[in-house]
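Chemist: Sequence:
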Amino acid sequence: MAIIGSIIKGAIDIKQVLTLETPHSEAQQNVLKYLLETAKDTQFGKAYNFTTILESDNIQKEFANQVPYFDYHRMEKEWWHLLLKGKENITWPGLVDYFALSSGTTGKKSKRIPVTDEMIEAIRKAGIKQIEALSNYDLPSQFFEKGIMMLGSSTDLTQKDAHFEGEISGISASKIPSWFEGYYKPGEKIAKIDDWDERVKRIAENAKKWDIGAISGIPSWIELMMKEVIDYHQVTTIHDIWPNLQVYTSGGVAFEPYAKSFNQLLSHPITIIDTYLASEGFIAFQARPETDAMQLITNNGIYFEFVPFKPEYIQSDGSLSQNAPVLNISQVTTDEDYVLLISTVSGTWRYLIGDTIEFTDVERAEIKITGRTKFFLNVVGSQLSVNKMNLALREVEEELNIQIPEFTLSAVRINNEFYHHWYLGTDSNIDNTTIALSLDQKLKAANKNYKVARSKALKGVKVTCIPSTLFSEWSGYQKKKGGQVKMERVMGEDKFDKWQKFVANQLH
Numbered sequence: 001m002a003i004i005g006s007i008i009k010g011a012i013d014i015k016q017v018l019t020l021e022t023p024h025s026e027a028q029q030n031v032l033k034y035l036l037e038t039a040k041d042t043q044f045g046k047a048y049n050f051t052t053i054l055e056s057d058n059i060q061k062e063f064a065n066q067v068p069y070f071d072y073h074r075m076e077k078e079w080w081h082l083l084l085k086g087k088e089n090i091t092w093p094g095l096v097d098y099f100a101l102s103s104g105t106t107g108k109k110s111k112r113i114p115v116t117d118e119m120i121e122a123i124r125k126a127g128i129k130q131i132e133a134l135s136n137y138d139l140p141s142q143f144f145e146k147g148i149m150m151l152g153s154s155t156d157l158t159q160k161d162a163h164f165e166g167e168i169s170g171i172s173a174s175k176i177p178s179w180f181e182g183y184y185k186p187g188e189k190i191a192k193i194d195d196w197d198e199r200v201k202r203i204a205e206n207a208k209k210w211d212i213g214a215i216s217g218i219p220s221w222i223e224l225m226m227k228e229v230i231d232y233h234q235v236t237t238i239h240d241i242w243p244n245l246q247v248y249t250s251g252g253v254a255f256e257p258y259a260k261s262f263n264q265l266l267s268h269p270i271t272i273i274d275t276y277l278a279s280e281g282f283i284a285f286q287a288r289p290e291t292d293a294m295q296l297i298t299n300n301g302i303y304f305e306f307v308p309f310k311p312e313y314i315q316s317d318g319s320l321s322q323n324a325p326v327l328n329i330s331q332v333t334t335d336e337d338y339v340l341l342i343s344t345v346s347g348t349w350r351y352l353i354g355d356t357i358e359f360t361d362v363e364r365a366e367i368k369i370t371g372r373t374k375f376f377l378n379v380v381g382s383q384l385s386v387n388k389m390n391l392a393l394r395e396v397e398e399e400l401n402i403q404i405p406e407f408t409l410s411a412v413r414i415n416n417e418f419y420h421h422w423y424l425g426t427d428s429n430i431d432n433t434t435i436a437l438s439l440d441q442k443l444k445a446a447n448k449n450y451k452v453a454r455s456k457a458l459k460g461v462k463v464t465c466i467p468s469t470l471f472s473e474w475s476g477y478q479k480k481k482g483g484q485v486k487m488e489r490v491m492g493e494d495k496f497d498k499w500q501k502f503v504a505n506q507l508h
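Mapped onto my numbering, the consecutive letters of the sequence shown carry residue numbers 1 to 508.
Think of the hints as simulated: they come from the structure by calculation, not from any bench. Note that this is a predicted model, so its numbers are computed, not measured. The beta-carbon is built from N, C-alpha and C at its ideal position, and this holds for glycine as well. Watch out, some of these pointers could steer you wrong.
Label pairs and their computed distance ranges (CB to CB) [said to hold, decoys possible]:
(1) 21 <-> 497: 30 to 38 Å
(2) 209 <-> 93: 41 to 49 Å
(3) 58 <-> 160: 23 to 31 Å
(4) 322 <-> 87: 47 to 55 Å
(5) 498 <-> 117: 38 to 46 Å
(6) 58 <-> 94: 23 to 31 Å
(7) 271 <-> 201: 22 to 30 Å
(8) 268 <-> 321: 26 to 34 Å
(9) 21 <-> 88: 34 to 42 Å
(10) 41 <-> 85: 13 to 21 Å
(11) 56 <-> 493: 43 to 51 Å
(12) 321 <-> 94: 28 to 36 Å
(13) 117 <-> 291: 27 to 35 Å
(14) 159 <-> 21: 36 to 44 Å
Computed list of lysine-lysine pairs in DSS-like fashion (alpha-carbon distance at most 25 Å, straight line) [what the hints assert, rightly or not]:
(15) 189 <-> 208
(16) 85 <-> 111
(17) 310 <-> 368
(18) 310 <-> 208
(19) 189 <-> 201
(20) 456 <-> 444
(21) 486 <-> 260
(22) 129 <-> 77
(23) 33 <-> 111
(24) 368 <-> 260
(25) 495 <-> 462
(26) 40 <-> 87
(27) 61 <-> 85
(28) 227 <-> 192
(29) 87 <-> 61
(30) 192 <-> 208
(31) 501 <-> 462
(32) 495 <-> 459
(33) 111 <-> 495
(34) 459 <-> 444
(35) 46 <-> 61
(36) 77 <-> 160
(37) 61 <-> 33
(38) 160 <-> 192
(39) 448 <-> 459
(40) 498 <-> 111
Starting from the given sequences, assemble the full structure and let the hints guide the process.
Modeler: Structure below.
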């Protein structure tokens, strides 16, 4: 009998029963008040009159009126560059010891996001909340004695001047509590290996030594790791190596596009739990098995705001127009795409994180990520979000019985006419024209704006099918492999030209 596992499971069950959650709207008001009180004497707090905001009868409304929207570039130019010079009390009290390097999908170079001690603690608390939520899942006691494979970025942080830099998954893993070290795999030594291919090779070599019950990481990189383990040991599925694997905690991107190819690496289904950990903080996690939506963590150092995702509010660089309306959590509705803004204990303020979300259950504060503001394709009025693209591709997969875990596209001009040129990662044997016709039909059915555009200026869809592995090789080519790296779904003209040349070189 799994005695330790039974004790842990019982403690989690009791904690869930005894915990009384504050209503999400009230929790958010409390978080905002705490943020403003704590930062009122910082340079940012003085510049935007936090003391006056706190005296208002409606601090949420006054906060929105007094403080503008910020994206990374504005925040860095006006405030965060001072943090990198070692200045203190800029956007949050004290000095900043850590900066998360955002691997991002759109920027030309890594962003440096401040990570305060309060944020590290908030991420730790969010992780505990997620573990407590496992009581909602039908997991046996034995599960709580198994190892947890966390495939993030290297924990070997780089010291630069008076601070340390690394991806958020590496910073978080480098600060794991001592009681967790016995569960954590691949362990400190392997986790510090910076070269992703070398780290995965070492994981494969040691895989049989570990009894893994859960895996955590971005789907594309987890798939590649599992394939490496399977190939190294010359077995059929990952369960031949880790028979007790029962849970996969996804993160960073939607899992659904990878479901078919991921499940082929298993001998039986496992529990999939989505999480939303960004460089700016731990935002949400899937709290119950009845849904694949994630619950916003509303009482843990992050204040959320929501701007309706409308083309007129999004500028060409993906930033927000300052006159775009904003809602707090008590004002949102379901079935509406919103641009997500956050203010946090790391000194981000009304910050455009770059993601769009929709609420599936307002009362529970449950959301789904629907796309990226910079991946919104609106050439000639097509108004395609990543969510619409993903849905169409899932329907194409079902219709043609194929797998398409990866894709990217761009609007291109051929003989003075616009086309959407899709590159689809698939190892299925099917011709480009068949997929193009199916994809075009699905997009017309799913999006009326796309259908109108196709009857006018948007002349058609071009599809180029390539091996799925080229997408991960592209990341390696850009020196961005593993960790938090996500594939850009919509490319601008210059990036797309580089992508096409890369693909052509790899195929010849």
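Chemist: Take the hints in turn and mark each one as holding or not.
Modeler: Hint-by-hint comparison with the structure:
no.	hint	verdict
1	21 <-> 497: 30 to 38 Å	violated, 50 Å
2	209 <-> 93: 41 to 49 Å	holds, 45 Å
3	58 <-> 160: 23 to 31 Å	violated, 42 Å
4	322 <-> 87: 47 to 55 Å	violated, 26 Å
5	498 <-> 117: 38 to 46 Å	holds, 40 Å
6	58 <-> 94: 23 to 31 Å	holds, 30 Å
7	271 <-> 201: 22 to 30 Å	holds, 28 Å
8	268 <-> 321: 26 to 34 Å	violated, 49 Å
9	21 <-> 88: 34 to 42 Å	holds, 35 Å
10	41 <-> 85: 13 to 21 Å	holds, 20 Å
11	56 <-> 493: 43 to 51 Å	holds, 46 Å
12	321 <-> 94: 28 to 36 Å	holds, 34 Å
13	117 <-> 291: 27 to 35 Å	holds, 34 Å
14	159 <-> 21: 36 to 44 Å	holds, 40 Å
15	189 <-> 208	holds, 17 Å
16	85 <-> 111	holds, 15 Å
17	310 <-> 368	holds, 18 Å
18	310 <-> 208	violated, 51 Å
19	189 <-> 201	holds, 13 Å
20	456 <-> 444	holds, 13 Å
21	486 <-> 260	holds, 19 Å
22	129 <-> 77	violated, 35 Å
23	33 <-> 111	violated, 28 Å
24	368 <-> 260	holds, 20 Å
25	495 <-> 462	holds, 18 Å
26	40 <-> 87	holds, 17 Å
27	61 <-> 85	violated, 33 Å
28	227 <-> 192	holds, 21 Å
29	87 <-> 61	violated, 31 Å
30	192 <-> 208	holds, 20 Å
31	501 <-> 462	holds, 17 Å
32	495 <-> 459	holds, 22 Å
33	111 <-> 495	holds, 18 Å
34	459 <-> 444	holds, 13 Å
35	46 <-> 61	holds, 18 Å
36	77 <-> 160	holds, 19 Å
37	61 <-> 33	holds, 12 Å
38	160 <-> 192	holds, 17 Å
39	448 <-> 459	holds, 16 Å
40	498 <-> 111	holds, 22 Å
Violated hints for the displayed structure, listed by number in ascending order: 1, 3, 4, 8, 18, 22, 23, 27 and 29.
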